[in-house]
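Could you put the whole structure together from the sequences, leaning on the hints where they help?
If you read the protein sequences in the order shown, they are chains A and B.
First residue of the first sequence? That's 1 in the numbering used here, and the numbers climb one at a time after it.
First residue of the second sequence? That's 1 in the numbering used here, and the numbers climb one at a time after it.
Be careful, since some hints might not be right.
As the list claims (entries may be wrong) - Here chain B is said to cover these stretches of chain A; the calculated rule only asks that three of the stretch's residues, wherever they fall, bring their Cβ under 8 Å from a Cβ of chain B:
| id | segment |
| --- | --- |
| 1 | 149–155 |
| 2 | 160–166 |
| 3 | 281–289 |
These are calculated hints, taken from the structure and not from any lab test.
Since the structure is predicted, the reported quantities are computational estimates derived from the model, not experimental observations.
Every residue, glycine too, gets a C-beta built ideally from N, C-alpha and C.
Number of protein chains: 2
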Amino acid sequence: MKIVITGGAGFLGQRLARRLLEQGSLTDAAGERRRISEIVLLDVVAAGGFSDSRLREVTGDIADPDLMRQVVDGNTASIFHLAAVVSGQAEADFDLGMRINLDASRQLLDVCRQLGHRPRVVFTSSVAVYGGRLPAMVDDETAREPQSSYGVQKAIGELLLCDYHRRGFIDGRVLRLPTISVRPGKPNKAASSFASGIIREPLNDVETVCPVSPESRLWLLSPRQAIASLIAGHELSDEALGQRRCVNLPGISVSVQEMVDALGRVAGASAVERIRWQADPVVQRIVGGWPAAWDTGRADVLGLAGDADFESIVRAYVEDDLPLAAKSSGQQS
Amino acid sequence: MKIVITGGAGFLGQRLARRLLEQGSLTDAAGERRRISEIVLLDVVAAGGFSDSRLREVTGDIADPDLMRQVVDGNTASIFHLAAVVSGQAEADFDLGMRINLDASRQLLDVCRQLGHRPRVVFTSSVAVYGGRLPAMVDDETAREPQSSYGVQKAIGELLLCDYHRRGFIDGRVLRLPTISVRPGKPNKAASSFASGIIREPLNDVETVCPVSPESRLWLLSPRQAIASLIAGHELSDEALGQRRCVNLPGISVSVQEMVDALGRVAGASAVERIRWQADPVVQRIVGGWPAAWDTGRADVLGLAGDADFESIVRAYVEDDLPLAAKSSGQQS
Ligand SMILES: NC(=O)c1ccc[n+]([C@@H]2O[C@H](COP(=O)([O-])OP(=O)(O)OC[C@H]3O[C@@H](n4cnc5c(N)ncnc54)[C@H](O)[C@@H]3O)[C@@H](O)[C@H]2O)c1
Ligand SMILES: NC(=O)c1ccc[n+]([C@@H]2O[C@H](COP(=O)([O-])OP(=O)(O)OC[C@H]3O[C@@H](n4cnc5c(N)ncnc54)[C@H](O)[C@@H]3O)[C@@H](O)[C@H]2O)c1
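Following this line, the structure appears as structure tokens:
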């Protein structure tokens, strides 16, 4: 079974690849468990650091149709479509966001359609498809009213995927990810970057700025559970999803204060003191527009699980990522 | 003031042009009433029959970027974007629908963006953006879950228009039209074609087939009120719409039986006898998936009005279109 991960050198892509290599098999369209023979990471940058003969890295632009056709071929059973330009960047560079998040996604769907064997496509969408006048509780039935170009591009990707699915061109499924925290590495251009930064930097003994008020609420999913959900979402049978191909993954709803409290319990008061509170009205406004409460009953029924609480998310970061972070900063110094 | 109507040789486009020529002025972006100096009808076919020096016909494909840039220029204050491939055709020819309903619409938005003067764009969308698990009452907040490629393409057009508006590239507004009835002329490839046919053909002494049950409910708007709404939607101030650029136009909800009863009252039992009831499961299924009840309170507040009742729609057809239909069939025979 051949699997392609677009954006495979990215944060989630690399972890997904490692997890798939570990487990060694996946379910195919016929519902049969099959050995994974090949995983292709397609990305503009190389991940590096993999030493598994089943893993192949292809470096290139997903907006290049020839490359896409080379990588996604008749043997490709499943595609995890993760490549994307993040929210802040799609807002800053409209054309880039349209080209990668919209055009390249559509082109991927068209390549699948031309192949004709109805490959399984897992598309990572985002809660950024929601916005505007939101109901008290957001669920899978809530209207997509994105308030950012990234959200619009993801919403369009969802609509296209659903239509390509409906027409029988692909076996499509959309998983809407909450904000991922704690994300290791450097801050990025997403408005939600602080949702990892306020935990990650203090744990790495680095000062950080929290641009929103302690009462601000976030909807979070750990990297571990995100990867588990992407795989579980792939494994769902076609029938389990039926006509409703988009699923909101279960996050946990926490206030920034609760996050900081959890950090204090795990790493002590000195860690908390690394956070400087300096409101950024732009970020505060964006975060304030995010949904306040969620009903992910459908994901629960489908067997897709979130995290237990934020403290276990912090502890998972300390276990999974802090040793690596310490090592890499050690190398740099 | 220069106005462009894409799909201007179509059913609504021609009527809109005539109405605009009659009234002679429109409101510009600054809220000032201005004389209409030019109306360009851009369409693959020519409308013909216009003899007004303010009206210019350009024959060509809206998917042609050079043509689009020639027609939509720095002098263009407003664009009514009506050109579209209808539902049945977009379902039958997926690529055609994508090219005209999606790509060409986006290209129009990009031409507007490049111009930089933030032209006003009125986009005719459709209730086909709704489908799937619908709430008891559909309103402007209801989720877009289209179940046809046409509906998906319209929903994507809406999302794009809203984002181009939000970013300040255009002054955009989306009017979601109910099914238009009574549409003159020939049956078309839309699943809703019968909603005009069962009235029009009997009034023209022609046999017709009704493919759905008498209890089936439709959501209808007359051509007269559709045109009035397109113009009223154009005239709304930017602030009146605020961030919510998509408006469901008010239709009237009638059963097919009520339509036929109204036909009987206007034209007698012999007209009703022209209808043959012959269920088409495909059409019945599509129509059955349409929303049952509507709340168009927002359109009411905005001053957009529907029709009084279906009988007045039939009478309006008899007044506006039957004389022409009689004349043209006279010419043919
Ligand atoms: N991390 C989150 O909080 C979050 C939340 C919601 C949704 N998502 C979605 O999940 C997916 C993965 O997110 P991530 O956090 O791993 O992001 P990431 O930025 O770490 O990874 C995305 C990868 O896509 C690659 N990419 C960008 N443009 C490309 C192109 N033209 N051709 C090939 N590759 C290209 C990048 O190089 C990067 O490696 C994305 O689709 C993202 O939108 C993430
Ligand atoms: N009539 C209805 O019941 C109804 C309902 C909902 C929405 N709408 C929408 O209202 C708009 C107008 O509808 P209508 O009933 O007048 O349709 P119509 O089919 O009579 O007119 C559409 C026009 O677009 C033109 N066109 C198609 N492809 C083109 C291309 N590539 N380049 C240039 N022109 C092209 C056609 O030649 C046609 O004249 C459409 O966008 C339609 O989707 C109509």
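Structure-based check of all given hints:
1. 149–155: That given contact holds, which follows from 3 residues of the segment 149–155 of chain A lying within Cβ reach (below 8 Å) of chain B.
2. 160–166: Since 4 is at least three, the answer is holds.
3. 281–289: violated (count 0)
When each numbered hint is compared with the structure, a violation occurs for hint 3 only.
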